[in-house]
Amino acid sequence: MLETFTEFFRQLADDYPRWNFIFFHEPRQWARIVKGFQHTIVLSIACVFFSVIIGVIGAWMQSSPSVWVRRIVQGYIQFFRNTPPFVQLLFFYFALGQFTPSVTGPDGWTEVPIISNIGWAIISLSLFAGAFNVEIFRSGIEAVPESTQEAASALGFSRLQTYIDVVLPLAFRVSLPALNNNLVNLVKTTTQAIAIAVPELLYQSVSIWSDYPSAQYPTMILLFLSFIFLVGILVFGMSRWERAMRIPGYGG
Amino acid sequence: MPQHAWTDDQPIVSIKDVHKSFGNLEVLKGISMDVMKGEVICIIGPSGSGKSTLIRCINALNDIQAGSIQVEGLEVNDKDLNKLELRKKVGMVFQQYNLFPHKTALENIMMAPIKVLKENPVEVEARARGLITKVRLEGKEGAYPGELSGGQQQRVAIARSLAMNPDIMLFDEVTAALDPETVKEVLVTIQDLAEDGMTCMLVTHEMGFAKEIADHIYFTDRGVIVEHGPPATFFDKAEDPRTREFLSQIL
Chain E
0 MLETFTEFFR
10 QLADDYPRWN
20 FIFFHEPRQW
30 ARIVKGFQHT
40 IVLSIACVFF
50 SVIIGVIGAW
60 MQSSPSVWVR
70 RIVQGYIQFF
80 RNTPPFVQLL
90 FFYFALGQFT
100 PSVTGPDGWT
110 EVPIISNIGW
120 AIISLSLFAG
130 AFNVEIFRSG
140 IEAVPESTQE
150 AASALGFSRL
160 QTYIDVVLPL
170 AFRVSLPALN
180 NNLVNLVKTT
190 TQAIAIAVPE
200 LLYQSVSIWS
210 DYPSAQYPTM
220 ILLFLSFIFL
230 VGILVFGMSR
240 WERAMRIPGY
250 GG
Chain Z
0 MPQHAWTDDQ
10 PIVSIKDVHK
20 SFGNLEVLKG
30 ISMDVMKGEV
40 ICIIGPSGSG
50 KSTLIRCINA
60 LNDIQAGSIQ
70 VEGLEVNDKD
80 LNKLELRKKV
90 GMVFQQYNLF
100 PHKTALENIM
110 MAPIKVLKEN
120 PVEVEARARG
130 LITKVRLEGK
140 EGAYPGELSG
150 GQQQRVAIAR
160 SLAMNPDIML
170 FDEVTAALDP
180 ETVKEVLVTI
190 QDLAEDGMTC
200 MLVTHEMGFA
210 KEIADHIYFT
220 DRGVIVEHGP
230 PATFFDKAED
240 PRTREFLSQI
250 L
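Protein sequence lines, in the order shown, are assigned to chains E and Z.
Following numbering that gives the first Met the number 0, the residues of the first sequence are numbered contiguously, the last one being 251.
Following numbering that gives the first Met the number 0, the residues of the second sequence are numbered contiguously, the last one being 250.
Certain hints may be false.
[As the list claims (entries may be wrong)] Short, incomplete list of chain E residues facing chain Z, as computed with Cβ under 8 angstroms:
no. : residue
1   : Q10
2   : E149
3   : A153
4   : L167
5   : P168
6   : G248
These aren't lab readings, by the way, just hints derived from the structure by calculation.
Quick caveat: nothing in here was measured; it's all calculated off a predicted structure.
Every residue gets a Cβ at the ideal spot worked out from N, C-alpha and C, and that includes glycine.
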């Protein structure tokens, strides 16, 4: 079965040299794609997770009574929202990466930085998407009536308890469609990690078609389909979640 | 400020010369009243007279600029006030119910004792079910606020406050947003509470109810108490012309 499959693509490459699906008939190239896919998934999951955490905490800090806390959050948002994520990646890796300490690597003599390029990609992309998430959650929070929060205060809830148990669950529901959009964008933006040589899907694809120009079209098609698939899963999961969180008799 | 021990022969709520402004607008211009334990008092008056503001100040939802409010000896006008201490003593019910829309009726009632008082959820649930029965909402435990009528939501809100075992209940125009048919079911619930000996302070426009339930009635207008007294003398022998005019329009 697998034999016929690889044979078909090998034959296809012979007959039509521009359509060399090399990753389907050469195990080493397939391994590159798999590795790329794994890195893309790790990047996506880590960035989605951390950016949502940043959004939740940032939105909480934005409602702080302290002017300075609010200003810091505002400064963070302005910086990360108004500058290109590509430049941020380069800045984190090449500028900040200079100042992080190194440790001796597993081979016993090379110096390895504490934060790898994957680490920097996760930090940088999470901060980038997190800035949007803060604003997204803030709009959700503003939709929660003041009077509902007042009722919580009257019952003895502290500001933090009110946020966690009352405001956030309601704000989340309002924010989900906008959050959905931002996370979809984030998953696609992980391809920019190619700039700092994170071996994700785009990096592996470019490597393949540099080595085998005949594989360029097939690899591009694979890239498109992979992202349609990945984003599809995310959107499916988010809409399932949205439905599960719907409250009878509340909202639309 | 040293807290002197409160005993129940002293007023449970003692309000002295309270002044409250929103910006330049002075809403309370020197209000004083004492409420004894177990008393039911009603505050009536035209819109904008400051009556809602007054009871919101009692549990520190609004701060005051001058004067003193003491709840069981606890000074509310104190920047170091332990708000949790105060709010354990004082329950509040709002005009718009303000239930937590993402929680069922039962969960609404259970939430504060579990989250705030860190009580055992099993015990809290038993108590919450008892309160559901008390406010006559058996069968609605699993309903979300959006699935309940206004009157039912308001009774859940009352039960939610009672779950904290307060000593005083504040009611801020709790029937003002209700259909006339459902007003009664809420009033009956409050009456039950009053008969159980709960100290109640109500801001209300339900004169008939006030007359029936109150031990003492306060009439406020433009930030001051114009007249007060027990219902019998208040309704029949009001002396101040403003009170008489208000009553004549309402009754």
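List of violated hint numbers, smallest to largest: As far as the earlier hints go, 1 and 4 are violated by this structure, in ascending order.
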